[in-house]
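K.L.:
Line by line, the protein sequences give chains A and B.
FYI, the numbering for the first sequence is 1 to 291, going by the numbering used here.
FYI, the numbering for the second sequence is 1 to 308, going by the numbering used here.
One or more hints might be untrue.
To be verified - So the derived label-pair ranges between C-beta atoms look like this: (1) A:78 x B:286: 52 to 58 angstroms; (2) B:80 x A:80: 40 to 46 angstroms; (3) B:84 x A:77: 24 to 30 angstroms; (4) A:157 x B:111: 54 to 60 angstroms; (5) A:66 x B:12: 52 to 58 angstroms; (6) B:80 x A:18: 32 to 38 angstroms; (7) A:118 x B:138: 47 to 53 angstroms; (8) A:78 x B:176: 51 to 57 angstroms; (9) A:77 x B:64: 26 to 32 angstroms.
Unchecked claim - Facing chain A, a subset of chain B residues (Cβ under 7 angstroms, in silico): (10) 31; (11) 54; (12) 57; (13) 198; (14) 200; (15) 202; (16) 270; (17) 271.
No lab work stands behind these hints: they were computed from the structure.
What you are looking at is a predicted structure, and each value in this text was computed from that prediction instead of being measured.
By construction, the Cβ of each residue, glycine as well, lies at the ideal position given by its N, Cα and C atoms.
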Amino acid sequence: MNKRITLKIAKIKDEIKDIKTFSFKYKLNAKPGQFIMLTDFEGGEKPFSISDCTKDEFSITIKKIGEFTSRLFQKDVGDLVSIRGAFGSSFFISNGKVLLVGGGYAVPTFYFFSKILLESGANITLINGARTKDELLFVEKFGKLGINLINTTDDGTFGEKGTSVDIARKLLVSKLQQNQLVSKPQLGDNSRFHPATAGWKRENVDKFDFIYASGPEMMMKALQGVIGEIEYEFLFERYMKCAIGICGSCTVDPLGIRLCVEGPVLPKKIVEQLTEFGKYHRDASGKRILY
Amino acid sequence: MHNRLKTKFLGFEVRSPLVLPAGIMDMSFSALSISTENGAGIVTSKSLTLEPRTGHKGPVVAEFEGGFLNCMGLCNPGIVDGLAEINEFKERSDTPVIVSVFATNVNDFLKLTEFVNTSKGDFLELNLSCPNVFDEFGIPLAASKDEVHKIIKAVKKISELPVIAKLSPNVYDIVSIAKAAESAGADALCMINTVGPGMLIDTKMVKPVLFNKLGGLSGPCIKPIALKLIYQTYSDVNIPIIGMGGVKCGEDAIEMMMAGASIVGVGTAIYYRGIEVFNKINNEIIEFMDENGYENLQEIPKLEKLLM
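Modelling step: build the complete structure from the supplied sequences, incorporating the hints.
P.N.:
And the structure:
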């Protein structure tokens, strides 16, 4: 099983303000998209996506957001933490032409994934988006992979100007169709089955075999509206407690899919059925929180 | 579902004797649905409290050779939102629902009962025995036959649903507590809640694995304790027993029935055998009946009562 293991922190790298990568020497055998549970036994055990995993080392990239992560940020190389995992579903490994759409601090998991995709011979276009230059992650690391990297910031302070979805729309939808989209906004981003895009002609636009997204839920919801009929997988986040599929904290409506077992990577055919997608999630008590 | 698995429980005809217990996969309507779709005959809600509770900080589960420790800490969205989830479930399913509630005094149990009366739930379960909230609430009510009697008696006066008492295994005289529940009017018993509590230690960091330090034991290691307590209780009460504790396969469920259980809870086994565990155990029960010449569940004999 996914036995608990207590490990020394082997490396800590400052990425950008409030984001650090912690590395561990351990044969995790994780697949891209999977996560671990991590605790310091001082109160809290949280799920973290794996940002890199080699034969005998793995890394997680963490954003300081609360009490638990603030404590982690005070740790040094050699300090101990305890992990369980890797848990959950993983991304489909395509060998075709793929588009990776990333936003904010959910992007690092695409580093591990891109390396695996490259091994299988995929042609990768990665949209690496953040609100502003100071929040853009892994620019150098992605740059070294030799993939088609599009950095973008909402305010245009680095790379392209616009959100990740703006860039994805440019790649996926032709000029003519974009104009139609602008004139019919009600059929766009918020449509669950995105019928507006179903019949679009795909001329003069990149043809992708598969699209992957990891980012804020509303980014993925908007992206769903411009994807059309291309197959996709999205990486979801929900409050997790047990991570082994028994407590029910991370189930998503209406299917009862457990994000810690059947997720966190969910395929198109499941995502299309989710009624809570982009609408609400549940907190630690199980109460619904609207987006 | 196979006809031979049909059974009756407190006037309800259920399609399988398997019950999803409180605290497992039951935070939302969709979590309840998935157990039903996978073969559970009855589902139980999380134990609901008057106000929402976020529960203990993690780690809240710890695995060891014989099973699990857990200290979820009664996390739940509170009675109002919790019942809304149950009502939403009932709009989609005719599977009976046990609404589990937790409180520490008669007044709060009565308030919770009034809420449950207005819901689409089918049974009311009084969780008198959560073992992992000692720090907050002290010794569980189920340790005292007088407390058990007092609370059930008061709740029975106003409850519009059959009342089930969830008992603790961590007592010396289970029979007197079970009898106190029955004499106060309980319609059924649910036994057992998790055992202990126990603890585990991380030897590298020299810390308890659970942040709460203590957690209730579940899984295969507690089955013998559950069987013993159900067996002890069965002959001395005339109300049905929901038997649970470490049930992982069809034969475990049959053992529970032979000890005296009418229907059987399956919880931690979801981890060992997947959410499909209910259908797997349903099939194993049928195989057992085939191999041993039983036509239906009612023919499965109970153990003879011996002095213990």
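K.L.:
For every hint, state whether the structure bears it out.
P.N.:
Evaluated hints:
1. With their beta carbons about 56 angstroms apart, residue 78 of chain A and residue 286 of chain B fall inside the hinted range of 52 to 58 angstroms.
2. Between residue 80 of chain B and residue 80 of chain A, the C-beta spacing of about 42 angstroms keeps the proposed range 40 to 46 angstroms intact.
3. For residue 84 of chain B paired with residue 77 of chain A, a C-beta distance near 48 angstroms fails the hint of 24 to 30 angstroms.
4. For the pair residue 157 of chain A and residue 111 of chain B, the supplied restraint of 54 to 60 angstroms holds, since their beta-carbon distance comes to about 55 angstroms.
5. Distance hint check: the CB atoms of residue 66 of chain A and residue 12 of chain B are about 45 angstroms apart, inconsistent with the given range 52 to 58 angstroms.
6. A hinted range of 32 to 38 angstroms for the beta carbons of residue 80 of chain B and residue 18 of chain A is consistent with their spacing of about 37 angstroms.
7. Here the CB-CB span from residue 118 of chain A to residue 138 of chain B is close to 59 angstroms, at odds with the stated 47 to 53 angstroms.
8. At roughly 56 angstroms, the beta carbons of residue 78 of chain A and residue 176 of chain B sit within the given window of 51 to 57 angstroms.
9. At about 30 angstroms, the beta-carbon gap between residue 77 of chain A and residue 64 of chain B stays in the expected band of 26 to 32 angstroms.
10. Satisfaction of the interface hint for residue 31 of chain B is found here, the shortest Cβ-Cβ separation to chain A being roughly 4 angstroms, below the 7 angstroms cut-off.
11. The beta carbon of residue 54 of chain B is positioned within 7 angstroms of a beta carbon in chain A (closest approach about 4 angstroms), and the interface hint is therefore held.
12. Using the Cβ-Cβ criterion of 7 angstroms, the hint placing residue 57 of chain B at the interface with chain A is satisfied: the shortest such distance is roughly 4 angstroms.
13. A hinted interface residue such as residue 198 of chain B counts as satisfied when its beta carbon comes closer than 7 angstroms to some beta carbon of chain A; here the least separation is about 16 angstroms, so the hint is violated.
14. The interface hint given for residue 200 of chain B is broken, as the beta carbon of that residue sits about 9 angstroms from the closest beta carbon of chain A, more than 7 angstroms.
15. With a cut of 7 angstroms, the hint placing residue 202 of chain B at the interface with chain A holds, because the nearest CB-to-CB distance is about 6 angstroms.
16. For residue 270 of chain B, the interface hint holds, the least distance from its beta-carbon to any beta-carbon of chain A being 5 angstroms, beneath 7 angstroms.
17. A cut of 7 angstroms between beta carbons decides the hint on residue 271 of chain B: the least distance to chain A is about 5 angstroms, and the hint holds.
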